[in-house]
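Chains as they are written, first to last, in our numbering: chain D, 29 to 150; chain L, 238 to 507.
Read the hints as simulated data drawn from the structure, not as lab findings. Heads up, the beta-carbon is just placed ideally off N, CA and C, and yes, glycines get one too. Please note that the accuracy of each hint is not assured.
To be verified - Some chain D residues near chain L, calculated using beta-carbon distances under 7 Å:
{"hint": "1", "residue": "R116"}
{"hint": "2", "residue": "L117"}
{"hint": "3", "residue": "A120"}
{"hint": "4", "residue": "K121"}
{"hint": "5", "residue": "L123"}
{"hint": "6", "residue": "L124"}
{"hint": "7", "residue": "A127"}
{"hint": "8", "residue": "P129"}
{"hint": "9", "residue": "L134"}
{"hint": "10", "residue": "L136"}
{"hint": "11", "residue": "P137"}
{"hint": "12", "residue": "V139"}
{"hint": "13", "residue": "M141"}
{"hint": "14", "residue": "E142"}
{"hint": "15", "residue": "L143"}
{"hint": "16", "residue": "D146"}
Stated by the list, open to error - Between beta-carbon pairs, the in silico distance windows are:
{"hint": "17", "chain 1": "L", "residue 1": "E353", "chain 2": "D", "residue 2": "Q132", "range": "16 to 26 Å"}
{"hint": "18", "chain 1": "L", "residue 1": "E358", "chain 2": "D", "residue 2": "Q132", "range": "18 to 28 Å"}
{"hint": "19", "chain 1": "L", "residue 1": "M506", "chain 2": "D", "residue 2": "P137", "range": "38 to 48 Å"}
{"hint": "20", "chain 1": "L", "residue 1": "L431", "chain 2": "D", "residue 2": "G91", "range": "54 to 64 Å"}
{"hint": "21", "chain 1": "D", "residue 1": "L136", "chain 2": "L", "residue 2": "E300", "range": "15 to 25 Å"}
{"hint": "22", "chain 1": "L", "residue 1": "M506", "chain 2": "D", "residue 2": "L136", "range": "40 to 50 Å"}
{"hint": "23", "chain 1": "D", "residue 1": "E114", "chain 2": "L", "residue 2": "E444", "range": "19 to 29 Å"}
{"hint": "24", "chain 1": "D", "residue 1": "Q122", "chain 2": "L", "residue 2": "N318", "range": "52 to 62 Å"}
As the list claims (entries may be wrong) - To give a feel for the contact side, a few chain D residues facing chain L, derived at Cβ under 8 Å:
{"hint": "25", "residue": "I130"}
{"hint": "26", "residue": "Q132"}
{"hint": "27", "residue": "N140"}
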Amino acid sequence: MNEKFNQNQTQFSVEEPLLEKSATIPSIELVTKKTRFPKWAWWLVIGLGLLLLVALATVWRNGAEQTEPQEEIVTLEEPRALSPLEQRLETAKQLLDNANPITQELPLPPVNMELRIDPSNR
Amino acid sequence: MKRLILFFLVICLSLLPAEIWAQETSDLAPVPVLQKESLAAELLDLNNIYRGQLTEYRAAEKEFVIARDHYLQLQTLAAINNVTEAAKKVLGLRNQVLITYLDLLRVNLIAAEGVEISAKELVLERLSGQKLRLQSQQTALSTATDREQINQLADTFTKQAPELTTVSQQTVSLLSLGKLQNVFDRLRSIREELLVPPDSQSSISLERSEREIDRLNQALEALFVVSWAELSKGLQADNVSSFYSNISKTLNPIYTNLTKLVAFLEERMR
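Bound conformation, chain D alone (with noise of 0.2 Å):
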């Protein structure tokens, strides 16, 4: 259609330019290569989606334990082992601590031990 009539209408059919070829463009043939995908691909892709999954399930449930409320865990220097030997000495202090004479243990209910319904003769 180009080639027969000229679409332009200011331009005067003297100036078209004789005998030119409107450049045409070669048709790209699209070739489509069909790679084919290998078995073993598809499995190393199965496995990495399972892994995949029990990852964020495992994700998932640790996020779940860490909304519950927790205590305040004070961690404390765990104090020097004692040998038998000074356990033996601390007990004897304890005991000591609990002999102290002046703390007099057991003394005497006070009770009333002259109790009478008449005033005693004496």
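Based on these hints, arrange chain L on the given structure of chain D.
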């Protein structure tokens, strides 16, 4: 190659959950249950009973004092009736308190270490004698209904009270000295294990500290000998009032020296 990757994947998938579950199923070790000694449990029970009975007695004593005041002022039959009932109640509760107290002394003495068996047996016998007296009084009180009968029972108790006080003082004295003796025995056995063999080459400072500990040991031994002799004398004479009234003064030097010995041994162990 493909099979190798597949194998690796299968292994990974089978091990991963197992590892997670293993973290979750770690069981706690069962906590061992501590068994209390029967004597300690008995003492705990007796202490609780004793406190409860003492509280009841105090309330009953207040009621009795009010009832007696009314009786002495009004002298009516109703007032006599009230005061008799109140007296019966308070005397019964007093007996119960004292019986439990004697039981407390008995169990404490049985459990005590550092007390000679002969002294223990002597005082235990006296304690059980006093308990029997109180129990027979309790039986008599339960059958008493008359004001005069209650007055007589009250008088009998008042006459026996000094003996009860003596036995209590004897037990407390034995327990106090026995506790200190027990500590000394324990420290002496620790000391024996710390002793440096005579042929070993010890430093001068170590020898000096050994001598100081020995000196303290000897001083303590002498103090114990004197104290036990005095207490035994009082027990034989059935009168420990002087030992009991000076118990703090007598036992305080022993206590101070024992504290010093503990400090020495601690220093020696470092």
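Right, here's what the structure says about each hint:
no.: 1; hint: R116; verdict: holds (6 Å)
no.: 2; hint: L117; verdict: holds (6 Å)
no.: 3; hint: A120; verdict: holds (4 Å)
no.: 4; hint: K121; verdict: holds (6 Å)
no.: 5; hint: L123; verdict: holds (5 Å)
no.: 6; hint: L124; verdict: holds (5 Å)
no.: 7; hint: A127; verdict: holds (4 Å)
no.: 8; hint: P129; verdict: holds (4 Å)
no.: 9; hint: L134; verdict: holds (6 Å)
no.: 10; hint: L136; verdict: holds (5 Å)
no.: 11; hint: P137; verdict: holds (5 Å)
no.: 12; hint: V139; verdict: holds (5 Å)
no.: 13; hint: M141; verdict: holds (4 Å)
no.: 14; hint: E142; verdict: holds (5 Å)
no.: 15; hint: L143; verdict: holds (6 Å)
no.: 16; hint: D146; verdict: holds (6 Å)
no.: 17; hint: L:E353 with D:Q132: 16 to 26 Å; verdict: holds (21 Å)
no.: 18; hint: L:E358 with D:Q132: 18 to 28 Å; verdict: holds (24 Å)
no.: 19; hint: L:M506 with D:P137: 38 to 48 Å; verdict: holds (43 Å)
no.: 20; hint: L:L431 with D:G91: 54 to 64 Å; verdict: holds (58 Å)
no.: 21; hint: D:L136 with L:E300: 15 to 25 Å; verdict: holds (23 Å)
no.: 22; hint: L:M506 with D:L136: 40 to 50 Å; verdict: holds (41 Å)
no.: 23; hint: D:E114 with L:E444: 19 to 29 Å; verdict: holds (23 Å)
no.: 24; hint: D:Q122 with L:N318: 52 to 62 Å; verdict: holds (55 Å)
no.: 25; hint: I130; verdict: holds (6 Å)
no.: 26; hint: Q132; verdict: holds (7 Å)
no.: 27; hint: N140; verdict: holds (6 Å)
Checked against the numbered hints above, the structure breaks none of them.
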